[in-house]
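Use the sequences and the hints to build the structure in full.
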Amino acid sequence: MLDLKKVVSAPDEVIQNLKKRGADVSSSVKQICDLDNRRKEVIQKVEKLKQSRNEASQEIAKLKKAGQDAGPILEKMKSVAEEVKELDATLAPIEADIHQILLQLPNLLRETVPDGTSESQNREERVVGEKKTFSFPARAHFEIGEQAGVLDFQ
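Under my numbering, the first residue of the sequence shown carries the number 15, and numbering increases by one thereafter.
Careful: at least some of the hints might be erroneous.
[Unchecked claim] With a Cα cut of at most 20 angstroms, we get these calculated PhoX-like pairs of lysine-lysine: (1) K44 / K34; (2) K20 / K34; (3) K64 / K33; (4) K20 / K44; (5) K59 / K76; (6) K59 / K34; (7) K90 / K64; (8) K44 / K19; (9) K64 / K76; (10) K19 / K64; (11) K90 / K62; (12) K62 / K92; (13) K99 / K54; (14) K64 / K99; (15) K33 / K44; (16) K78 / K92; (17) K90 / K76; (18) K90 / K78; (19) K54 / K20; (20) K54 / K64; (21) K92 / K59; (22) K59 / K33.
Simulated from the structure, these hints should not be mistaken for lab results.
So this is what it looks like as structure tokens:
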């Protein structure tokens with residue numbers, strides 16, 4: 015899975031890299047960037063609300079220590095707590111959507127990988143050992159498994 019920071023920080027680079035694979039991911043990358051911006055906005059709102067909640071709790075402590083009524087501030091903090099819960103509830107599906115889209119994107123290619131959409135456009139880097147030759151025609155593993163009665167594809 016691709017790193018969200020990489021996709022958001024260099025979306026054009028990611029799109030160009032994945033075009034080498036023949037994949038058109040520009041709409042997915044744009045969608046990820048949009049969702050990430052929404053995610054950041056929600057997180058920022060939540061952090062501001064939590065900051066105000068912390069400041070209010072300090073103020074409540076001062077008021078109680080002085081023997082004054084902290085009721086109005088407590089009521090305000092209840093609404094802030096509810097708003098934080100609502101924002102957290104909106105954040106979870108956004109993050110799930112981002113994760114789901116990232117799972118669908120293929121991995122990035124190294125710069126040395128040639129452009130191409132099929133295996134025929136690959137190049138052989140090196141060969142280790144010699145290719146074995148058999149006195150009989152080679153068969154695929156599933157054919158051998160069916161013949162041995164170990165595999166049943168029906």
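These are the hints, each one checked on the structure:
1. K44 / K34: Roughly 18 angstroms between the alpha carbons, so the hint for K44 and K34 holds.
2. K20 / K34: holds, 18 angstroms
3. K64 / K33: violated, 43 angstroms
4. K20 / K44: holds, 13 angstroms
5. K59 / K76: violated, 26 angstroms
6. K59 / K34: Violated. K59 to K34 sits at ~39 angstroms, over the 20 angstroms cutoff.
7. K90 / K64: holds, 13 angstroms
8. K44 / K19: Holds - the C-alpha atoms of K19 and K44 are around 14 angstroms apart, at most 20 angstroms.
9. K64 / K76: The given pair, whose Cα atoms are some 19 angstroms apart, holds under the 20 angstroms limit.
10. K19 / K64: violated, 25 angstroms
11. K90 / K62: holds, 15 angstroms
12. K62 / K92: holds, 15 angstroms
13. K99 / K54: holds, 16 angstroms
14. K64 / K99: Holds, because 11 angstroms separates the two Cα atoms, which is no more than 20 angstroms.
15. K33 / K44: Holds: K33 and K44 sit about 15 angstroms apart, inside 20 angstroms.
16. K78 / K92: Cα-Cα ~17 angstroms, so holds.
17. K90 / K76: holds, 16 angstroms
18. K90 / K78: With a Cα-Cα distance of about 16 angstroms, the restraint between K90 and K78 holds, given a limit of 20 angstroms.
19. K54 / K20: holds, 16 angstroms
20. K54 / K64: The given pair, whose Cα atoms are some 15 angstroms apart, holds under the 20 angstroms limit.
21. K92 / K59: Holds, because 16 angstroms separates the two Cα atoms, which is no more than 20 angstroms.
22. K59 / K33: violated, 36 angstroms
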